[in-house]
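Let the hints inform the model, and build the full structure from the sequences given.
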Amino acid sequence: MNDNAVDKTYVAPDERLVEQKKKDSLLHILMAGILFENPAFLLVLGTCPLLAITISAKDALFMGFAVIFVQVGSELFISILRKAIPDKVRIPAFITVIAGFVTIVQMLVSAYFPALNDTLGIYIPLIVVNCIVLARAEAFASKKPVLASVVDGLGMGAGFTVALVLMGSIREILGNGTFFGMHLPLFGTVIEPMMFFILPPGGFFVYGLCICFTQMVVRWYQKKSGKPVSNAPVVGHCDTCGTCAGCDVSEGNKV
Amino acid sequence: MKELFIILFSAILVDNFVLSKFLGICSFLGVSKNLKTAMGMSGAVILVMLASTALTWPIQIFLLNPMHLAFLQTLVFILVIAALVQMIEMVMKKTMPPLYNALGIYLPLITTNCAVLGVTILNITKSYSFLDAMINALGGGLGYMLSLFLFSGVRSKVDKADVPAALKGLPITLIAASLVAVSFFGFKGLVENLFS
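If you read the protein sequences in the order shown, they are chains W and C.
Residues in the first sequence are numbered consecutively from 1, following my numbering.
Residues in the second sequence are numbered consecutively from 1, following my numbering.
Source of the hints: derived by calculation from the structure; they are not laboratory data.
The reader is advised that the hints may include incorrect statements.
[Said to hold, decoys possible] In the DSS-like style, the derived pairs of lysine-lysine whose C-alpha atoms are separated by at most 30 Å in a straight line are:
#1 C:K33 x C:K188
#2 W:K58 x C:K36
#3 C:K160 x C:K2
#4 C:K93 x W:K88
#5 C:K2 x C:K188
#6 W:K58 x C:K188
#7 C:K94 x C:K36
#8 C:K93 x C:K36
#9 W:K144 x W:K88
#10 C:K33 x C:K160
#11 C:K33 x C:K126
#12 W:K223 x C:K2
#13 C:K36 x C:K168
#14 C:K36 x C:K126
#15 W:K88 x C:K94
#16 W:K224 x C:K168
#17 C:K126 x C:K168
#18 W:K223 x C:K160
#19 C:K168 x C:K157
#20 C:K36 x C:K160
#21 C:K33 x C:K157
[Stated by the list, open to error] Reference listing, derived: stretches of chain C covered by chain W, where coverage requires no fewer than 3 residues with Cβ under 8 Å from a Cβ of chain W:
#22 24–33
#23 92–98
#24 120–130
Given the structure is predicted, the values throughout are model-derived calculations rather than measurements.
The C-beta atom is built at its ideal place from N, Cα and C for all residues, glycine as well.
What follows is the structure, encoded as structure tokens:
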């Protein structure tokens with residue numbers, strides 16, 4: 001204790017407790033998922049569906065619902081089982097749980113929304129390897145209690161959905177002149193639809209700009225509120241690779 | 001024979017896995033920083049794509065379909081791929097140490113690479129024959145290699161460029177990727193006209 005008192009970074013136990021409690025509060029976890037740790041724009045995870053199915057806002061929204069379901073379900077299960085799963089086989093165990101929930105989604109979608117099944121196609125089964133789900137299972141659900149894990153799943157899923165719908169709207173409005181299938185004034189008549197945005201290259205382009213703006217907003221907010229400025233993810237670094245789990249490279253030989 | 005060429009070149013150029021199907025984007029952005037790691041990763045991806053197609057196609061056709069368990073596809077495939085990758089790694093470590101040193105460290109990353117799971121599922125949904133499926137896997141892997149090869153060249157220039165602070169890092173890389181993807185549009189219609 002006495003040694004700590006000299007240290008400038010020393011925080012009184014009470015204060016530390018308050019800080020920790022604030023961090024663990026459910027609202028904080030929820031908001032972190034949606035805004036401050038947005039999985040798509042700040043953690044840069046799950047890029048595949050984000051680029052592939054944001055051609056229309058509607059598809060993006062449905063994909064978001066699918067991801068929320070899988071995220072919440074698997075975090076709930078993994079959190080319940082977190083003491084039963086041996087540490088050595090945790091990654092295969094997590095993948096099995098996630099794949100189970102993805103199969104449920106696949107069956108529900110093909111039964112009730114066959115048209116949607118055609119448009120989303122292969123990207124529904126690919127939620128299994130969506131890094132967000134596995135990364136949160138590993139980083140959060142395997143360590144935290146059940147309720148917090150469910151809220152984290154909800155927040156992360158919602159954050160991802162917000163990102164999906166945002167990108168879907170931008171690409172649909174600019175590329176097709178419509179929004180959720182509705183025609184908009186000006187767009188499509190005065191402003192010609194730009195094919196570029198609904199083609200694959202447009203996906204990369206819009207995603208790049210979205211990340212850029214989100215980072216600007218978060219940095220501005222943090223500067224204003226006096227909290228530490230987070231660093232932009234460095235591409236090519238292990239943090240952004242997203243192949244998060246079961247990776248030996250991150251142990252010793254960092255790329 | 002002609003059909004096989006069409007499948008191969010479509011997978012490499014027209015429907016490039018990375019740039020037009022958006023599979024394996026995470027690793028595409030992650031390892032394209034230098035050419036050597038990019039090539040090592042692509043080599044490992046080609047290997048795993050071929051091996052997992054060779055294994056999952058018979059499982060689906062001879063095991064899951066006759067038993068009416070097709071809905072278990074996702075679950076079975078991901079576990080098969082995970083086990084396969086682990087096994088390739090162990091065998092390679094024992095029998096071919098030089099190859100293991102070149103490709104080995106990338107192998108564990110590949111389980112969660114959506115390009116591998118993607119190619120195995122696509123082979124089934126497109127109802128390819130076994131030979132078609134293997135060619136498609138080869139094409140997918142080669143296409144992955146080509147796009148990584150091209151993009152790592154672009155990256156080495158982009159990383160040195162003086163861009164506005166807000167665009168530094170990931171945003172400018174994605175915009176560069178967008179331009180590389182545009183270049184692949186030059187191949188649209190090429191394959192059909194070449195072989196017909």
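> Given the hinted pair K58 of chain W and K36 of chain C, is their alpha-carbon gap at most 30 Å?
Replying inline: Status violated; Cα separation ~41 Å.
> Holds or violated: K88 of chain W with K94 of chain C, Cα cutoff 30 Å?
Replying inline: The given pair, whose Cα atoms are some 22 Å apart, holds under the 30 Å limit.
>> Please verify whether K93 of chain C and K88 of chain W have alpha carbons no more than 30 Å apart.
In response: It holds: about 20 Å lies between the C-alpha atoms, which stays within 30 Å.
> Are K144 of chain W and K88 of chain W close enough, with their CA atoms no more than 30 Å apart?
Replying inline: holds (18 Å)
> For the pair supplied as a hint, K93 of chain C and K36 of chain C, is the alpha-carbon distance within the 30 Å limit?
Replying inline: holds (20 Å)
> the region 120–130 of chain C covered by chain W? Criterion: 3 or more residues, Cβ-Cβ distance below 8 Å.
Replying inline: Check passed, 3 qualifying residues.
> For the pair supplied as a hint, K36 of chain C and K168 of chain C, is the alpha-carbon distance within the 30 Å limit?
Replying inline: holds (23 Å)
> Under the criterion that the straight-line Cα-Cα distance not exceed 30 Å, is the pair K33 of chain C, K188 of chain C satisfied?
Replying inline: Holds. K33 of chain C to K188 of chain C sits at ~28 Å (cutoff 30 Å).
> Would the pair K168 of chain C and K157 of chain C pass a check requiring their Cα atoms to be no farther apart than 30 Å?
Replying inline: Holds. K168 of chain C to K157 of chain C sits at ~13 Å (cutoff 30 Å).
> Keeping to a limit of 30 Å between CA atoms, is the pair of K33 of chain C and K157 of chain C held or broken?
Replying inline: holds (11 Å)
> Is K94 of chain C close enough to K36 of chain C, meaning Cα to Cα at most 30 Å?
Replying inline: With Cα atoms ~23 Å apart, K94 of chain C and K36 of chain C stay inside 30 Å; holds.
>> Holds or violated: K223 of chain W and K160 of chain C, Cα atoms, limit 30 Å.
In response: Judged against 30 Å, a Cα distance of about 28 Å means the pair holds.
Hint compliance for this structure: hints 2, 3, 11, 12, 14, 17, 23 are not met, and every other hint is.
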